Structure formats: structure tokens, C-alpha cells
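Novice: Sequence:
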Amino acid sequence: MKTIFTASVFDATVIVNGNELFKGQGSASMWAEKLAAELETTITVEKIGTGWALRGVVDGVDRTWGVHGQRLMQIERA
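This note's numbering applies: residue 2 is where the sequence shown begins, and numbers increase by one.
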């Protein structure tokens, strides 16, 4: 099964508080659109330090995603 979580994130990233985040808002926005389509919910981008994270509510839980090993991964918000 193909899922957004298996797609490679070939975009520039930065490390903020130990989390790998998107370096640019444009890249984060593009991935937010893809994630929103897959999860069928609203996903936004939020600046955290010098990077950009994806944010949304899934199953009633507020979630934040960054990048890990060139894949999207849920992270703990600092």
C-alpha cells in the first residue's frame, strides 16, 4: 500500500530542538497538502524556531509532523 508516510522527502531540512523540520515554508506547505489529502483533514504549517512543521488534528488528537530519515514522522512539539 502506497502512503504519504513512505514517500521520500527530498527537501532541505533544519534541526530544531532535536527535531528535523522543513527548511522552507513552501516545501512544508506542499507536504501539508499531500498529508491533508491522505488523512482527509486540515493540515497547516507552523514555524518552529528556524524550521517549519506540519500540524493537524487526527482522531481528536493535536499532532505535529516533521521529518526523520527522509520520511514524515510525528514529533513531540517542544
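Source of the hints: derived by calculation from the structure; they are not laboratory data. Keep in mind the model is a prediction, meaning the values are calculated, not measured. One thing to keep in mind: the hints can contain errors.
[Said to hold, decoys possible] Simulated pairs of lysine to any residue, SDA-like, Cα-Cα distance not exceeding 25 Å: (1) LYS3 to MET74; (2) LYS24 to GLU39; (3) LYS48 to GLY27; (4) LYS24 to ARG56; (5) LYS3 to GLY19; (6) LYS48 to HIS69; (7) LYS3 to GLY57; (8) LYS48 to GLU21; (9) LYS35 to GLU21; (10) LYS48 to LYS3; (11) LYS35 to ARG78; (12) LYS3 to ASN18; (13) LYS24 to SER9.
[Unchecked claim] Just the calculated beta-carbon pair ranges, DEER-fashion: (14) THR42 to GLU77: 14 to 24 Å; (15) GLU34 to ALA13: 11 to 21 Å; (16) MET74 to SER30: 11 to 21 Å; (17) PHE6 to ASP63: 24 to 34 Å.
Ideal placement from N, C-alpha and C gives every residue a C-beta, glycine not left out.
Novice: All the hints need checking, so say for each whether the structure fits it.
Specialist: Evaluated hints:
Proposed proximity of LYS3 and MET74 is supported: the alpha carbons are some 16 Å apart, at most 25 Å. Simply put, LYS24 and GLU39 have alpha-carbon atoms about 23 Å apart, close enough for the 25 Å limit, and the pair holds. For the proposed pair LYS48 and GLY27, the alpha carbon gap of about 12 Å is at most 25 Å, so the pair holds. Restraint check: the Cα-Cα separation between LYS24 and ARG56 comes to about 15 Å, which is no more than 25 Å; the hinted pair holds.
Proximity of LYS3 to GLY19 is assessed by CA-CA distance (about 28 Å); at most 25 Å being required, the pair is judged violated. Annotation: proposed proximity of LYS48 to HIS69 holds, straight-line Cα distance about 17 Å (limit 25 Å). As the CA atoms of LYS3 and GLY57 are separated by approximately 21 Å, the hinted pair is consistent with the 25 Å bound. Our distance criterion of 25 Å between C-alpha atoms is met by LYS48 and GLU21, whose separation comes to about 12 Å.
Only pairs whose Cα atoms come within 25 Å are accepted, and LYS35 paired with GLU21 is accepted, the gap being roughly 19 Å. Proposed proximity of LYS48 and LYS3 is contradicted: the alpha carbons are some 28 Å apart, above 25 Å. Restraint check: the Cα-Cα separation between LYS35 and ARG78 comes to about 21 Å, which is no more than 25 Å; the hinted pair holds. Only pairs whose Cα atoms come within 25 Å are accepted, and LYS3 paired with ASN18 is rejected, the gap being roughly 30 Å.
Note on LYS24 and SER9: the hinted pairing holds, with a Cα-Cα distance of about 15 Å set against a maximum of 25 Å. Taking 14 to 24 Å as the suggested C-beta distance range, the pair THR42 and GLU77 conforms, at roughly 20 Å. Checked against the given bound of 11 to 21 Å, the beta carbons of GLU34 and ALA13, roughly 18 Å apart, stay inside it. Between MET74 and SER30 the beta carbon distance is about 18 Å. The supplied range of 11 to 21 Å therefore holds.
Distance hint check for PHE6 and ASP63: the Cβ-Cβ separation is about 18 Å, which falls outside the suggested range of 24 to 34 Å.
Consistency with the previously given hints fails for numbers 5, 10, 12 and 17, ordered from lowest to highest.
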